[in-house]
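Asks: One-letter residues, chain by chain:
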Amino acid sequence: MSDELIIRNLRVSIEGKEILKGVNLTLPKGEVHAIMGPNGTGKSTLAYTLMGHPAYEVTDGEVIFKGQNILELEPDERSRLGIFLAFQYPVAIPGVTVANFLRTAVNARRRAQNPEDKGIPIPEFRKLLKAKMELLKVDPSFAGRYLNDGFSGGEKKRAEILQMAVLQPEIAILDETDSGLDIDALRIVAEGVNALRGENLGVLVITHYQRILNYIRPDVVHVMMDGRIVETGDADLALHLEEHGYDWVREKVDNGTPA
Amino acid sequence: MSVDPQTDFLEQLGEYRYGFQDPDVSVFKTRKGLDEEVVRQISAMKGEPEWMLQFRLKALNHFLQRPIPTWGADLSNLNLDEIVYYVKPAEMAGRSWDEVPQTIKQTFDRLGIPEAEQKFLAGVGAQYESEMVYHSIQEHLEKQGVIFLSIEDGLRQHPDLFKQYFGTVIPIEDNKFAALNSAVWSGGSFVYVPKGVKVDLPLQAYFRLNIANIGQFERTLIIADEGAQVHYVEGCTAPQYTTDSFHSGVIEIIVKKGARVRYTTIQNWSTNVYNLVTQRAIVEEEGTMEWVDCNLGSKVTMKYPSCYLMGPGAHGEILSMAFAGPGQWQDAGGKVIHFAPHTSSKITSKSISKGGGRASYRGLLKVYKGAEDVRSNVVCDALLLDPQSRSDTYPYIEIDEQDVTIGHEASVSKVGEEQLFYLMSRGLSEEEATTMVVSGFIEPLVKELPMEYAVEMNRLIQLQMEGSIG
Numbered sequence: 001m002s003d004e005l006i007i008r009n010l011r012v013s014i015e016g017k018e019i020l021k022g023v024n025l026t027l028p029k030g031e032v033h034a035i036m037g038p039n040g041t042g043k044s045t046l047a048y049t050l051m052g053h054p055a056y057e058v059t060d061g062e063v064i065f066k067g068q069n070i071l072e073l074e075p076d077e078r079s080r081l082g083i084f085l086a087f088q089y090p091v092a093i094p095g096v097t098v099a100n101f102l103r104t105a106v107n108a109r110r111r112a113q114n115p116e117d118k119g120i121p122i123p124e125f126r127k128l129l130k131a132k133m134e135l136l137k138v139d140p141s142f143a144g145r146y147l148n149d150g151f152s153g154g155e156k157k158r159a160e161i162l163q164m165a166v167l168q169p170e171i172a173i174l175d176e177t178d179s180g181l182d183i184d185a186l187r188i189v190a191e192g193v194n195a196l197r198g199e200n201l202g203v204l205v206i207t208h209y210q211r212i213l214n215y216i217r218p219d220v221v222h223v224m225m226d227g228r229i230v231e232t233g234d235a236d237l238a239l240h241l242e243e244h245g246y247d248w249v250r251e252k253v254d255n256g257t258p259a
Numbered sequence: 001m002s003v004d005p006q007t008d009f010l011e012q013l014g015e016y017r018y019g020f021q022d023p024d025v026s027v028f029k030t031r032k033g034l035d036e037e038v039v040r041q042i043s044a045m046k047g048e049p050e051w052m053l054q055f056r057l058k059a060l061n062h063f064l065q066r067p068i069p070t071w072g073a074d075l076s077n078l079n080l081d082e083i084v085y086y087v088k089p090a091e092m093a094g095r096s097w098d099e100v101p102q103t104i105k106q107t108f109d110r111l112g113i114p115e116a117e118q119k120f121l122a123g124v125g126a127q128y129e130s131e132m133v134y135h136s137i138q139e140h141l142e143k144q145g146v147i148f149l150s151i152e153d154g155l156r157q158h159p160d161l162f163k164q165y166f167g168t169v170i171p172i173e174d175n176k177f178a179a180l181n182s183a184v185w186s187g188g189s190f191v192y193v194p195k196g197v198k199v200d201l202p203l204q205a206y207f208r209l210n211i212a213n214i215g216q217f218e219r220t221l222i223i224a225d226e227g228a229q230v231h232y233v234e235g236c237t238a239p240q241y242t243t244d245s246f247h248s249g250v251i252e253i254i255v256k257k258g259a260r261v262r263y264t265t266i267q268n269w270s271t272n273v274y275n276l277v278t279q280r281a282i283v284e285e286e287g288t289m290e291w292v293d294c295n296l297g298s299k300v301t302m303k304y305p306s307c308y309l310m311g312p313g314a315h316g317e318i319l320s321m322a323f324a325g326p327g328q329w330q331d332a333g334g335k336v337i338h339f340a341p342h343t344s345s346k347i348t349s350k351s352i353s354k355g356g357g358r359a360s361y362r363g364l365l366k367v368y369k370g371a372e373d374v375r376s377n378v379v380c381d382a383l384l385l386d387p388q389s390r391s392d393t394y395p396y397i398e399i400d401e402q403d404v405t406i407g408h409e410a411s412v413s414k415v416g417e418e419q420l421f422y423l424m425s426r427g428l429s430e431e432e433a434t435t436m437v438v439s440g441f442i443e444p445l446v447k448e449l450p451m452e453y454a455v456e457m458n459r460l461i462q463l464q465m466e467g468s469i470g
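Top to bottom, those sequences are chains A and B.
If you read the first sequence in the numbering used here, its first letter stands for residue 1, the second for the next number, and so on.
If you read the second sequence in the numbering used here, its first letter stands for residue 1, the second for the next number, and so on.
One thing to keep in mind: the hints can contain errors.
Stated by the list, open to error - EDC-like cross-link-like pairs, simulated, lysine to aspartate or glutamate; straight-line CA separation at most 20 Å:
#1 B/414 / A/3
#2 A/118 / B/456
#3 B/46 / B/174
#4 B/447 / A/149
#5 A/118 / B/153
#6 A/29 / A/3
Said to hold, decoys possible - Derived DEER-like restraints, expressed as beta-carbon distance ranges:
#7 A/54 / B/326: 18 to 26 Å
#8 A/16 / B/82: 53 to 61 Å
#9 B/388 / A/152: 47 to 55 Å
#10 A/59 / B/394: 45 to 53 Å
#11 A/127 / B/156: 37 to 45 Å
#12 A/211 / B/408: 40 to 48 Å
Hints listed in this document are in silico derivations from the structure and should not be mistaken for laboratory results.
Every residue gets a Cβ at the ideal spot worked out from N, C-alpha and C, and that includes glycine.
Based on the provided sequences and hints, a complete structural model is requested.
Replies: What follows is the structure, encoded as structure tokens:
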């Protein structure tokens, strides 16, 4: 059994068009990796594929976590195994409160471990939720609101991080969590992620811009281009990209230099 | 022969929980079918005054002349000649559960009625086949003059009050099934709440059909005098049979000046029951009538609770919820008629169709000339769980007055792949995710129910959803 998420030669098509053309990446728990790259290079496709969205067709490769190829699992099974995706565009579930939703999700996890489980006692759940909301500086009224229904862009992203805090995944993928956020909202969300960092959590930050990495400092930065990881480096690589753009990477790829 | 309780339990999971049947313990039945003799027999069994017999016969005549309506749900398989119209289950109605025959009491125990009565109800009526077998109300309410009796006892003990209102809200000629009920009615409640008296806890009536091929024709009359308040709840279940049963009630409500009545239905008939019900309230000045109508069971339901807003400032509200599963057709909705100025109304309809089920919203909003400063809002939302299911909306709006504010919105949505993926990515199974979307959809309505019923409703929805995903 390994404590890493290992992506090997992952090829993915959507509606017959190949988007990921052999992605290789290893994310150990305890580390934060960033995937950067221009728009349309397959970053979000990677995020959705790791979570198991039915519209994405895997044509080759494997993704190993805890000794299993998770590509063979349903999204809910992957979640219960410890994988979490913070969505770029979280959908609204009208009529279902954040608290009720999270309690159901917590109970689904408990039942997966023990089919006899009666569910988390309500006082215990309230305590858990309150603690996480305080940690992330989320307003208590959040718990009673309908999930993502009428939320601002910033509120949606904070709700994603709150879910992550309550569900305590081992691998978290943040898909363009910075998009659509002003600098204050970005800082609040990033502080939340930092508060959850630790040796039991591996984080994959998918982003177009470097600025979120000013707040969530990555251990490793990957550059994705045309469906492949083409460059890997440390946090300075992100700064270099910020300064010089992606053209130099593209040139390198076009000249056939291996990534 | 022994039955493994474990297997038995597993077989019942996800199925209709109220489908158990008891032996036929009835003490009297009319023969199959309907004619004048059957009506005279029912009337004689009840020892009624002559005016009531004449009322019944007149209604029978009207019923026989009127065609089966074809504008709504499919009634072509309803065979009215195969039905037994009156089944007397016991000799008399009890005021304590000990007086109720053992088999029947056990049924209501299994349905949790006596337990609910002790916990959160002000009074309970229980009907089995054609008669109320139990009727009781808290003593302190009785002392304040609140009347809560079987409809027959209402007629016997309060003949003048009864005659003043009976048949005035829904006349014989209203529709074919109201005429049928008027001819063969049996059971139901008679409720009177005196001026200014507020009944804090709900009064509940529970209706149970036990044997096959029978009709239940309960008749309820509720009068809330000036400034009074009452909440009446009805629930209903039946065993599952391969042949059809029939339920056709008439509910008449009079809301006097400044009074407030809420009538909540949790209809959970087995899916072999035709449920054709007429419910109407007359609302006087500053009065408020609220219908909360939840239709989960039955084969076919046609039911449009109505508010006739007769006095200035009257308010009518209808919350309609329908769940149509395989083989079910729920034709539900509501009617509000504004006769007076400064009246307001709101209709909210939520329907869910699943597994080829069909749900229709059918509603009428009418404002008469002279009813100035009327405000009304109609919202109907439908949720389709699969491509085989169907939803229709028939919103009729007739406005004969200029000075009105009317809003109407309708929406149809499907449980989206993105919603399911999102919820499943948090560890919910597909079934749990679908159930969550459905309970969120009906939440605005469920939160209007008293807590105990809201819990029950969520549980019923979960049962409906169980095993729905292959």
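Asks: Determine whether the Cβ-Cβ distance between residue 211 of chain A and residue 408 of chain B falls within the hinted range of 40 to 48 Å.
Replies: holds, 47 Å
Asks: Would the pair residue 118 of chain A and residue 153 of chain B pass a check requiring their Cα atoms to be no farther apart than 20 Å?
Replies: violated, 47 Å
Asks: Are residue 118 of chain A and residue 456 of chain B close enough, with their CA atoms no more than 20 Å apart?
Replies: It holds: about 18 Å lies between the C-alpha atoms, which stays within 20 Å.
Asks: Please check whether residue 127 of chain A and residue 156 of chain B have a Cβ separation lying inside 37 to 45 Å.
Replies: Taking Cβ atoms as reference, residue 127 of chain A and residue 156 of chain B lie about 59 Å apart, which means the hint is violated.
Asks: Confirm or reject the claim that residue 54 of chain A and residue 326 of chain B have a C-beta distance inside 18 to 26 Å.
Replies: Holds, at about 25 Å.
Asks: Need the status of pair residue 46 of chain B, residue 174 of chain B: alpha-carbon distance at most 20 Å?
Replies: violated, 25 Å
Asks: Has the hinted range 47 to 55 Å been met by the Cβ atoms of residue 388 of chain B and residue 152 of chain A?
Replies: violated, 38 Å
Asks: Does the hinted range 53 to 61 Å hold for residue 16 of chain A and residue 82 of chain B at CB?
Replies: Distance hint for residue 16 of chain A, residue 82 of chain B holds at roughly 58 Å.
Asks: Is residue 29 of chain A close enough to residue 3 of chain A, meaning Cα to Cα at most 20 Å?
Replies: Answer holds: residue 29 of chain A to residue 3 of chain A is near 6 Å, not above 20 Å.
Asks: Hinted pair, alpha-carbon criterion (20 Å max): residue 414 of chain B, residue 3 of chain A. Please report holds or violated.
Replies: violated, 40 Å
Asks: Holds or violated: the 45 to 53 Å window for the beta-carbon distance between residue 59 of chain A and residue 394 of chain B?
Replies: holds, 49 Å
Asks: Below or equal to 20 Å on CA atoms is what counts here, so check residue 447 of chain B against residue 149 of chain A.
Replies: Answer holds: residue 447 of chain B to residue 149 of chain A is near 17 Å, not above 20 Å.
Violated hints for the displayed structure, listed by number in ascending order: 1, 3, 5, 9 and 11.
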